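Asker: So you can see what is in the structure, the chains are spelled out below.
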Amino acid sequence: MAQVQSAADARAAAQTRVRFELLAELVRKDLKVKYKNSALGFVWSLANPLLYLAVFTLVFNVFLKGGVDNFAVLFMAGFLVWNFFNLSTLTATGAVVGNANLVRKVRFPRIVLPLSSVGFASVHFVLQLAVLFVALTVLYRDAFGPQLVLLVPALAVAVTFTVAMSLLASALNVRYRDVEHLLEIALLAWFWLTPIVYPVTVVRDQLAEHDLLWLFRFYMANPMTTVVVAMQRAIFNHPVGTFQGKPKQVLPADGYGFYLQWLGVAAVISLVLLGVGLWTFRRLQADFAEEL
Amino acid sequence: MAEATISASGVGKRFQLHHKRATSLKERLLLHRRASSEEFWALRDVDLEIGGGLTVGLIGPNGSGKSTLLKVLSGILAPTTGTVAVRGRVASLLELGAGFNGELTGRENVYLNAAILGLSRRETSRQFDDIVAFAELEPFIDNQVKHYSSGQYVRLGFAVAVHVSPDILLVDEVLAVGDESFQRKCLTKIAEFQERGSTILFVTHSLDLVPRICGRAVVLDHGRVLHDGDPVEATERLRSLLGTAADQSGGAVLGADRPRFARVRLFDPTTGVHKGHFGTGEPLAVDFDVAAPAGSPPVSARLAVTGPADVPLWVMDSDPLVFGPDGIATVRFTVKELPPVKGIFAFAAALRDPGTKVTYDARRFAEAFVIAGDTATGIVDVAWNAEQVETPGEEERDRAAGDRRRSEL
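Top line first, the protein sequences correspond to chains A and B.
Here the numbering used here is used: position 129 in the first sequence is 638, and no number is missing along the way.
Here the numbering used here is used: position 210 in the second sequence is 313, and no number is missing along the way.
Simulated from the structure, these hints should not be mistaken for lab results.
Every value quoted in this text rests on a predicted model; they were computed, and no experiment measured them.
No incorrect hints appear here.
The list that follows gives simulated cross-link-like pairs (lysine-lysine, BS3-like), each with its CA atoms no further than 25 Å apart: (1) A:K614 with B:K292; (2) A:K614 with B:K288; (3) B:K249 with A:K543; (4) A:K614 with A:K541; (5) B:K378 with B:K445; (6) B:K249 with A:K541; (7) A:K614 with B:K249; (8) A:K545 with B:K249; (9) B:K378 with B:K439.
Short, incomplete list of chain A residues facing chain B, as computed with Cβ under 7 Å: (10) V527; (11) L531; (12) E534; (13) K538; (14) L611; (15) K614; (16) V615; (17) R616; (18) F617; (19) A798.
Positions of the beta carbon are idealized from the N, C-alpha and C atoms, including for glycine.
Could you put the whole structure together from the sequences, leaning on the hints where they help?
Answerer: In structure tokens form, the structure reads like this:
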């Protein structure tokens with residue numbers, strides 16, 4: 510009896526491994542196809558964060574002198590993780606529809622399709638983050654410290670939330686092709702509602718001025734806001750920045766309690782959404798071959 | 104380990120035939136009220152168990168549900184009713200090279216395709232040389248697949264698929280592609296599978312192949328299992344279903360919601376008895392049952408009697424058909440007196456829109472009937488005469504030769 514059980518376990522483990530390999534193979538394919546005929550290939554996406562860093566340093570330090578010092582670092586801390594979320598969700602939306610031929614003709618775990626989109630974006634994200642840190646060793650030594658541990662829960666929440674959204678978007682888009690267009694607009698609005706280009710304290714202070722501070726809770730309930738703010742706390746590492754020689758609060762709290770608490774909330778929201786995403790995907794995938 | 108099987112019980116598959124499919128939210132909301140969809144059962148009450156290392160042929164007329172059954176058995180489509188239980192490793196070959204990416208090289212596509220079919224990377228590496236050798240693509244394996252010929256593409260697809268070594272292999276009509284030597288190779292590979300004790304279920308239109316390589320055959324018609332068992336009986340059953348002999352549809356607009364031929368019967372109108380041999384001057388009648396789903400376009404039937412080299416001898420057209428509540432109309436073509444020709448004749452039947460002349464269904468029934476007589480002296484009896492006449496003079500011959508020369512210029 511025990512032997513039968515262990516054999517079944519071994520088979521299940523082998524199957525999981527094969528699925529992982531399939532996922533890796535699909536990510537590898539996407540990367541290869543994307544950079545196939547370009548001479549510099551991967552260098553392009555690595556140059557991306559450096560370019561942003563340069564442009565935003567120029568813009569915020571020269572053209573728009575209204576920002577805090579080193580605003581470009583604050584911006585990049587949130588922007589890269591937003592890019593990961595944005596790219597994953599958008600490519601996942603087309604992941605099932607774009608592989609219609611495969612879905613209609615071959616049996617394989619369909620869930621690897623949106624997951625491979627997340628994997629594809631993850632590869633870019635990790636490399637871009639690495640490039641950013643290399644640049645920061647020269648430009649912004651303050652980033653290196655124990656507070657970087659905050660990246661771990663922040664990234665865990667970011668990945669969970671992104672996977673949940675990707676599953677939902679890819680499955681729903683098979684039935685309602687509007688999802689793709691809707692998402693494009695929604696993500697643009699979402700970007701501006703997330704404190705990436707402005708410090709989160711601006712929102713808090715504005716709300717406080719109008720006696721609407723209770724609304725700030727809802728603003729923070731957006732998991733991407735929490736993730737971005739935590740990333741900023743970890744990388745920018747100065748809750749109080751310098752604005753025209755005077756101190757200016759750019760992050761809502763000094764200690765880690767605030768960030769961890771909100772990351773906890775975001776984790777719960779993300780896990781619930783992940784459950785909904787998995788359930789939706791499983792429910793709809795039986796009809797994928799017919800709907801495409 | 105327990106034996107690998109797929110068992111389907113009470114499997115039915117219903118498709119919604121949307122006249123206009125709602126694929127966007129707006130359309131779905133708007134169309135919700137007046138759901139202009141029809142139901143169509145592609146499969147009905149199918150009980151089937153395959154396994155035990157037997158090679159099973161799946162045959163049936165076009166649109167009988169063969170491909171749908173394969174998709175349901177392989178888990179691509181979910182059955183509407185009934186259940187499918189799968190034990191063991193199943194690979195389905197519904198389309199060769201599905202999932203190939205033209206931008207990638209042959210090598211990269213082998214790894215990708217094998218992973219999609221469920222092979223681990225290590226296993227793929229181990230089999231890689233075999234796969235490439237089987238596909239005969241050694242010199243091209245590092246070229247981008249988009250530069251492959253269609254034959255190379257298909258060969259690589261088949262090579263990957265058969266090296267997945269499943270317990271059960273489901274094959275749609277993919278063996279018809281590729282040249283003869285490759286087809287032979289495929290058949291050898293299938294024989295290898297058989298020896299290893301793998302079960303194969305394959306769809307084919309090549310009825311000669313079925314008794315040769317199958318231990319069992321299943322005939323599907325209109326989504327139901329008509330016959331399950333002896334392959335020779337199965338092919339006979341199908342041949343009688345299709346008419347007298349091989350059926351080939353050509354140039355027809357296919358689709359389940361189109362009018363189509365359901366049954367054909369050739370008989371002597373004076374007795375009503377089925378008949379295949381006639382004599383000159385005798386009467387002949389053919390009944391065609393035409394099935395049309397509700398709301399299908401107007402249709403008229405055309406029957407051409409064709410002789411050698413498919414030359415039509417005569418063509419008969421019906422008026423537009425009127426369908427009963429069951430969606431069936433029977434049209435009878437009668438010939439009072441068969442003309443004075445001899446030989447074996449074929450029918451080419453077509454269902455066409457009387458206005459637009461669009462063909463909805465076309466069937467050819469080779470060797471449909473015989474008009475008795477000795478064809479050694481030709482197929483038409485013509486009153487003729489042969490006699491010797493005076494040889495033409497020298498002068499006339501010269502002039503004739505001159506004419507010929509001029510005309511050659």
